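From the two separate chains plus the hints, produce the assembled complex.
Heads up: the sequence lines are chains A and B, in that order.
Just so we're aligned: 250 in the numbering used here is position 250 of the first sequence, and the numbers increase by one with no gaps anywhere.
Just so we're aligned: 142 in the numbering used here is position 142 of the second sequence, and the numbers increase by one with no gaps anywhere.
There may be inaccurate statements among the hints.
[Said to hold, decoys possible] 20 Å max Cα-Cα, derived EDC-like pairs, lysine to aspartate or glutamate:
1. B:Lys-75 <-> B:Glu-61
2. B:Lys-131 <-> A:Asp-144
3. B:Lys-159 <-> A:Glu-115
4. B:Lys-116 <-> A:Asp-61
5. B:Lys-116 <-> A:Glu-115
6. B:Lys-75 <-> A:Asp-61
7. B:Lys-73 <-> A:Glu-40
Hint data in this document are derived by calculation from the structure and do not stem from the laboratory.
From a predicted model like this one, the values you see are computed outputs, not experimental measurements.
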Amino acid sequence: MNISEKGFEAIKDLLYKMADDQLIIGHRNSEWTGLGPILEEDIAFSSMAQDKLGHAQALYDILSQMGEGDSDTIAFMRNAEQFHCCHLVEYPIGEYEFSLMRHFFFDNAELLRFEMLANSSFEPLTFLSRKIKGEIKYHTMHADVWITQLGSASEESKIKLQNALNETWSLALGIFEKGNFEDVLIAEGIFEGEDALKGRWLSTVSGILAKAGLRIPENNSVAPALGGRKGKHTNYLQPLLDEMTEVFRIDPAAEW
Amino acid sequence: MNTEVVRQALYEVSDPEIPTISIIDLGIVTNIEVSDLGTNVTLTPTFAGCPALRYMEVLVENKLKEKGFPNPKAKTSFEVQWNTSMITAEGLVALKKHGLAPPPPTTGNDYAELLKHMPCPHCNSTNTEMKSPFGPTLCRSIHYCKDCLQTFEAFKPVK
Chain A
1 MNISEKGFEA IKDLLYKMAD DQLIIGHRNS EWTGLGPILE EDIAFSSMAQ DKLGHAQALY
61 DILSQMGEGD SDTIAFMRNA EQFHCCHLVE YPIGEYEFSL MRHFFFDNAE LLRFEMLANS
121 SFEPLTFLSR KIKGEIKYHT MHADVWITQL GSASEESKIK LQNALNETWS LALGIFEKGN
181 FEDVLIAEGI FEGEDALKGR WLSTVSGILA KAGLRIPENN SVAPALGGRK GKHTNYLQPL
241 LDEMTEVFRI DPAAEW
Chain B
1 MNTEVVRQAL YEVSDPEIPT ISIIDLGIVT NIEVSDLGTN VTLTPTFAGC PALRYMEVLV
61 ENKLKEKGFP NPKAKTSFEV QWNTSMITAE GLVALKKHGL APPPPTTGND YAELLKHMPC
121 PHCNSTNTEM KSPFGPTLCR SIHYCKDCLQ TFEAFKPVK
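Excised from the complex, chain B in its bound form (with noise of 0.2 Å):
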């Protein structure tokens, strides 16, 4: 047995919040080691104040178990400092499935420019303005569409 499965298993842990990506796309697992006492998975928090990090852990650890992987054992680390640079492709993708525009590159000064004219993830224009840089949850911001005249939230770029 090896990382590599247990990275396939975990997959199938979708965002509590955003079912339309995996945990392994949103880039939050840092670390997995597999030995005969168990597996231990690291995972880092998106924000630190992130409210989903200790169910996250149990929906690992329940996945893994549910897989038959001895022992699983999920901790949250802040070793590895997730930023949205670590977001898959795939995972990118997946955010605008559940009308969340993809946080853009950032240098990590920028956070202000890269915000004013967020692409809208339903007709894709960039005529927008940002209504609030804090959202429903800590790592969206709240904006709005002058083209199709929806209202929408983006996952907010972080460094």
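Chain A with its partners taken away, still in its complex shape (with noise of 0.2 Å):
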């Protein structure tokens, strides 16, 4: 199929929303290293941070290639109202349980955009999302099993867990805020739709819930947390976007 004018604009809006997301998490996730409540957490949240990392810079140089500029620009040189990534990935790592459920909402979502845009009309994601998903599965495996393990093993960890739910359960909702061209991108191929994204997620995530013996709040109980894909985005994501390109700023030309 080709893809008109407008259907490159969505994409590039799709792209900035997916890379964000995967930048932001990355940049969470790597705050567990040397933090992590055992050694094998640490280093699973430090290797799932690379991971991510390397995703968003894959995704940066597709919009690089669109021409955004270059990929480093791109991900350190825009403020946070230029950003287009969800408020959950925004939040400070806090308890472990907030960042595990974070992780189980988010990967799971992750995957399943991936598979859908595996079947993409537009060549340069479908590719990168064949090799991705393959990747996502070691995320969503280890967040399952931690989620189902862990629900069902003390009344203390799933106390927890449950409150970590209801804390994430809204802002895990605002993943699927839907971008200006939303129409445009199901008209031409390009992705399904966040309706139907959240549809499969939905039902995902709350067979393995029903596992872990946790409840996932009644139907419409809880207003989504939007606005991050239009640019507006809580106070914790400014003073992150400050100290993730400290660095950077002080000699953007600087030799790696």
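Structure (structure tokens):
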């Protein structure tokens, strides 16, 4: 299928939100390096952080090939209001159970998104998605096992996870906030759309949460945390960007 | 000069993290083009976030320069998606030689099952357990052998 001019604008919008999600959650995951509750979890979050940053870079590279400038500049030279990430990824790492629940919700959505995009009409994204979906399975496997095991371990672990779920739910629903070009993406076969993704995600995560003995809030009782896709962010994002880009901003031309 | 000569030369380039395996046996060289203008090699990453990617492009270009190929260029592309079945039989042996359990064949939906009892590269026992699907590099997982009591790493199956 040929992609229209409007289609390319829609693709850029989609790539920005995906890449920004990856970059910010990657940064947050990396904050567990040296702090994990056990060594294996320290390594797991650090390793996933590296994966996410690699995925972010590959997505920024596509944007770069579409004329959006150099990938490092895209990643490091924008302010919070120019980012399109969802609020879920911006929050500080918090207690381990918050980070675990966020990882569970985010990575399951991510896997399904890349699986859908593996059949996109936009080839560069198709090739990349076919690659990434094989890797993300390790992330969802990791999250799913911990959620299932801690959900059925002790009364304390169950309560902690349930509280984390209640705290995260509205943020997680914000993953599926539509951009301005949703209909173009669907019409041109680029992406099946956020509603389709959300439907599949709900069915996946509710199955695992049920197995873990955890309850998701009643239908429609929680409003999704929206705004991130349109540049409206929590107060946590700008300080994160300041920290992340501190060295780059001192000398953007430095050779590494 | 044909592509096979280039291919032979690239047997001398090893994975920077796993010196026992050549990039040819690792299966990451997906295309070689030779023309009067130069030699172009296409690489595909084992993992999309692999930090050694750019470095491997340089290794390839340097090797081809050293061998006297005109104007060598290496680039990375996702057009062909690498998976662990692209590792050659020699490559699997080379991984084991480095102390890594080689990846078993995968359907892509059986990672958890496959990792449960990876054969120990030291004593070949399958009386092993997975400690973490994540290891010191993106392509490795961590395991423990209950027979020879050693911790070992495996090269993760990927589809």
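Evaluated hints:
A C-alpha spacing of about 10 Å is found between B:Lys-75 and B:Glu-61, which places the hinted pair at or below 20 Å, so the restraint holds. Restraint check: the Cα-Cα separation between B:Lys-131 and A:Asp-144 comes to about 15 Å, which is no more than 20 Å; the hinted pair holds. Restraint check: the Cα-Cα separation between B:Lys-159 and A:Glu-115 comes to about 13 Å, which is no more than 20 Å; the hinted pair holds. Taken as a hint, the B:Lys-116 and A:Asp-61 pair is broken in the structure, with Cα atoms around 36 Å apart against an allowance of 20 Å.
Between B:Lys-116 and A:Glu-115, the direct Cα distance comes to roughly 25 Å. Violation of the 20 Å bound is thereby established for this hinted pair. Distance check on the hinted pair: B:Lys-75 and A:Asp-61 sit about 13 Å apart at the alpha-carbon level, within 20 Å; holds. Between B:Lys-73 and A:Glu-40 the alpha-carbon distance is near 39 Å, which puts this suggested pair outside the 20 Å criterion.
Going down the numbered hints, you'll see the structure goes against 4, 5 and 7, while the others check out.
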